[in-house]
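Enquirer: Fit chain B to the supplied structure of chain A, relying on the hints for placement.
There are 2 protein chains.
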Amino acid sequence: MASSARGRLSVIQRHLTSHNAGSGHQEDTKSSNGIADNGRAQEEGHVREANTDGKGRNVAFVAASWRPTSGGDDDGEEAALKTLPKRRQELLKWNGWGYRDSKFTVHKEKDYYVAFTGNRYKIGNMVLPHFAQWVKDTLGVNFDDCTPPQEPPLPHQFPEPILQQDFMSELETLGIAHSLDGEDRLFRAHGHTLAEIFTLREGMFPRIPDLVVWPNNHSEVEKLVNMASRHCVVLIPFGGGTSVSGALLCPEEESRMIVSLDTSQMCRILWVDDKNLTARIESGIIGQDLERHLHARGYTAGHEPDSYEFSSLGGWVATRASGMKKNIYGNIEDLVVQVKAVTPKGTVERYTAGPRVSAGPDVQHFIMGSEGTLGVITEVTLKVRPLPVVQRYGSIVFPDFTRGVNCMREVALHRCQPASIRLMDNEQFKFGHALKPPTGFIGLVSEGIKKMYITRIRGFDVHTMCVATLLFEGSEYEVAAQEKRIYDIALNNGGIPAGEANGQRGYMLTFVIAYIRDLAFDYGIVAESFETSVPWDRVQALCHNVKHRITSECTERGIKHFFVTCRVTQTYDAGACVYFYFAFNYRGLSDPVHVYEEIEGNARNEILACGGSISHHHGIGKVRRQWMNQTISEPSLGALKAVKEYFDPDNIFANGNLL
Amino acid sequence: MASSARGRLSVIQRHLTSHNAGSGHQEDTKSSNGIADNGRAQEEGHVREANTDGKGRNVAFVAASWRPTSGGDDDGEEAALKTLPKRRQELLKWNGWGYRDSKFTVHKEKDYYVAFTGNRYKIGNMVLPHFAQWVKDTLGVNFDDCTPPQEPPLPHQFPEPILQQDFMSELETLGIAHSLDGEDRLFRAHGHTLAEIFTLREGMFPRIPDLVVWPNNHSEVEKLVNMASRHCVVLIPFGGGTSVSGALLCPEEESRMIVSLDTSQMCRILWVDDKNLTARIESGIIGQDLERHLHARGYTAGHEPDSYEFSSLGGWVATRASGMKKNIYGNIEDLVVQVKAVTPKGTVERYTAGPRVSAGPDVQHFIMGSEGTLGVITEVTLKVRPLPVVQRYGSIVFPDFTRGVNCMREVALHRCQPASIRLMDNEQFKFGHALKPPTGFIGLVSEGIKKMYITRIRGFDVHTMCVATLLFEGSEYEVAAQEKRIYDIALNNGGIPAGEANGQRGYMLTFVIAYIRDLAFDYGIVAESFETSVPWDRVQALCHNVKHRITSECTERGIKHFFVTCRVTQTYDAGACVYFYFAFNYRGLSDPVHVYEEIEGNARNEILACGGSISHHHGIGKVRRQWMNQTISEPSLGALKAVKEYFDPDNIFANGNLL
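In the order they appear, the protein sequences are chains A and B.
Be aware that the first sequence starts at 19, since it is given in the numbering used here, and climbs by one per residue.
Be aware that the second sequence starts at 19, since it is given in the numbering used here, and climbs by one per residue.
This is chain A alone, in the form it adopts within the complex (with noise of 0.2 Å):
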């Protein structure tokens, strides 16, 4: 029945080495076997075996085979199953994205040239001999006159914790894995906003959570929630740290004592259910494990947001995630089957596995957005689906942004959604070509020819093209039908097809695009991104005047050298996702991040203006909160408020955000 087919790897996994992804699995793969799922049935009580309540039934069901992933201890072979360790800070940077060993370096030869270190991404240990120019150019930075600072050591100093000190004793009491080591707590303290980067890397956070807690299991969680509502302990949920909202940030003003639960142990898969194509898996897993465990069995959740190789599934479940692939898999809501999370007030969950269902107000919704306010995501039963046979890279050249937007509303009309379909503008076309690695003779000869067949032969205009990126997937035949369908679409509306390497590329580059932020920062640049959701009839609108206004911000505040790029990331049948890029040369600004945070909150004055959302899949957290009251009817805040103040009445779960 099933059309999966083993053997290949996932998008991402494909632009990760296998030292990152490769590794784990097998034993996995070895250690399983079927059992039935009883296990399964008495977890969820209200679930029997139909076949065995001696009534004389004789209808049998054949039992979901479910293979658990071991998890929680990071000893021995388990800890090959988690890409992460305990101790971040042994894999992670601790003052910008990623690993380590990963990141952007300029060096001197004949000029100024950028590279990328490490072999995790696929222009690891490359040069990128078009790259520098493009930053002298666009970004007005000469390297000679910076000296950019040596990576500077972990600080040694961190705010003192606040000890409950009841909470402390029965914490060691129940030998729940705890830390009150600076290192843990500042890993905890934060997640990637510029602010909270450009704080890490300039001095400290007035308020860092004061112990880390790792919990193995959901009834850990219980013992964990109900200590700190009697003990009056706050905790704030860490899952994969990637929050780009300001979400796990410490209020300042905090007094009581601030617990990180850190989710990262509970990263079993329960069960896989064969029949049925789902699982049951605890919130902590991250992205990339969640995937490399699933396509050994065949499988895969298919939910890649940008931040995949670190996000938790319990963070995407709390921030309302979208993955790149949502046109097959679903945004993070569509793909829930069931979501059990615990609050103050005791454990959510529908009891049913049943896949859609009309009893009153969906309570999963209630926890689906929640940012950490209500409780802790402990477990998900989540859809999964036979990997595809074939996954094929795509990209389309248009003369124009307009042409492309056009395109990509006929896409969404006709519902032939690929996989991915990404818009990029031309600013970020031509950032696309900055990264380029050096092409071989032959690349270089094929290059000329396709770039003089675009610009000469058809007339494109470097200036104004853009290129959209595509991902297919499916059996061959579905995979030839979309191509031809989308490439049709696309000639119509003066678009065309510019080969699967580019589209590869694009991808590629979504992940490695976070680590530019580091380098910049080197440089006196500082850069983030943000998003929103529009109607059709919006886009280009939105587009252009949120470029406009940010050019407006900039050149009434002196700044010269600034570059603001946007793409399409997600259609929908109403409308679609923007993401906008923003850098800007500092210098000659005393305090680059409040001039970054003025310029923003003007963007995303214009976004809501021109009929944009307060966000399509960041959240809201800490940073927009202001933008609350335009987004929902005041009534509307006071029933979140309502159901805050429901569960979490002492407020336990003090993290700030949302409201």
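None of the hints are false.
Intra- or inter-copy, both count: the list cannot distinguish identical chains.
With a cut-off of at most 25 Å between alpha-carbon atoms, the simulated SDA-like pairs for lysine to any residue come out as follows: (1) K502 to G492; (2) K468 to E445; (3) K293 to Y505; (4) K293 to C434; (5) K659 to S247; (6) K241 to L655; (7) K293 to K565; (8) K293 to R433.
No lab work stands behind these hints, which were simulated from the structure alone.
Expert: Structure of chain B alone, referenced to chain A:
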């Protein structure tokens, strides 16, 4: 860009005659013309015309056209736009389902036979030569013993209304339409559960609304809710009145004045946005009117619950409705872009029309499924789609239910569901045959050949075989491709294509079957339907066990003649919706409704024990409240109560549903 095609009517309109479906939309089309969407932009105050802000931005976007439909008054031409009059009794039965002119009747010539009256449905004015025999055989009805009652006149005596004089005075001042008429009140006192219709036929409800009000628009609803809050008056929103959950019943113990807030006059399409394929619609519009108006513009919302002829948009949202074509158009939660609802705390709405938003828990999900307990839904922005060019039926016969379910599961696995695919069990298959109209000679021969092929040549057993009905929508090419795919999967599962006519008949019967219960009552039969959703691996066990349980329950009670049948009506990635019909001959039982409720209660327990949900789309109302604590956890129930407490602290919306 749009691939819409006019000149065809939807599946349901094909089943309805022109009397019913054709009269209104011509005026409607003629009177409309393209007007810039300023009205809309003003209405959604925050959305500005992006090309008019005078900041030098020159990206124009074409304003979406909108064409308001008339509504509000019953006078003159405008009345033609609404199928149902304000005085529902003029067109609808007072003690049964549907139109007064449409019903099953029993006649005697040589033998008894059943016919269907009126010309609204395809079996209208037709003799059904096989049905009387089926009723005799299956339900043990001896027509000779029965003297079916003449249709009784509407009651003349009604419970004395409780009137709150301050409320009444203020209502007069405001000039909002209202009625104290007993018939008007009775028509809004109930939905269509077995118990409610039985009560109508045998007696009177202990409590009915004291007053009916017909607000004209959102603003009048705001005034009414405000007045009700101030004067301590209960409001029960009334949409199409098709509830099968007891949701509309007035709580007996309610001592305050109860006002039925009838939304039927709020039935305008405020605008249709051709660019974004959305429409803003007042909540009181009923399904057939909505589709008629949209069709005239080349669109469809595609939401077709079985109650679609009479149920309202607001009711769909309030109950989390599902439509038979959800595979293309989605269920109501997939169709809704924005919801506006008036609660005692004020208006709940999300301002942005962005297609997908991450801004905390989605408050629109607080309203969807709220079943009139929080407020009145007044306006909805719905997705619309261009009308499909081709619509084609189909059917497949399977040797047994198991193979039919396997086929459904495989279709869902490959996600190649056509607009609708439904599987009827053997009992329902035979029941459908019993409802066949007379067949001419050629028909007889062709049926005979078909039957011979299926039973003699292919060896299908008429006592195990079952049938799936199919509805395909799309371009000619798409429909042909869908057909090939479905029939290939069917063949792999032992199925045989059985023609378009059988498929089309199956869907037509969906609307006619609701009329059978009234005939049944006349001959001592009670009948009802109920549904669930269930993971794929439990579909068969659930169907088997529930039917077995009902059989046992009937046997224990000495019920000799009963009929229980099921169909799989919706398919999802992780499971399906199963719909049961159950009828029994209650001769000799003193309280058939109570007996029915006991048996259905035990069937529901069986459903839950088999992993099914409390409801797929009918909702909770009052009749399924007792299972809510087996559906969601206690803290989840508490959250629903907290939301109710917040929006409606004085319990103005005291219909008593859900909790």
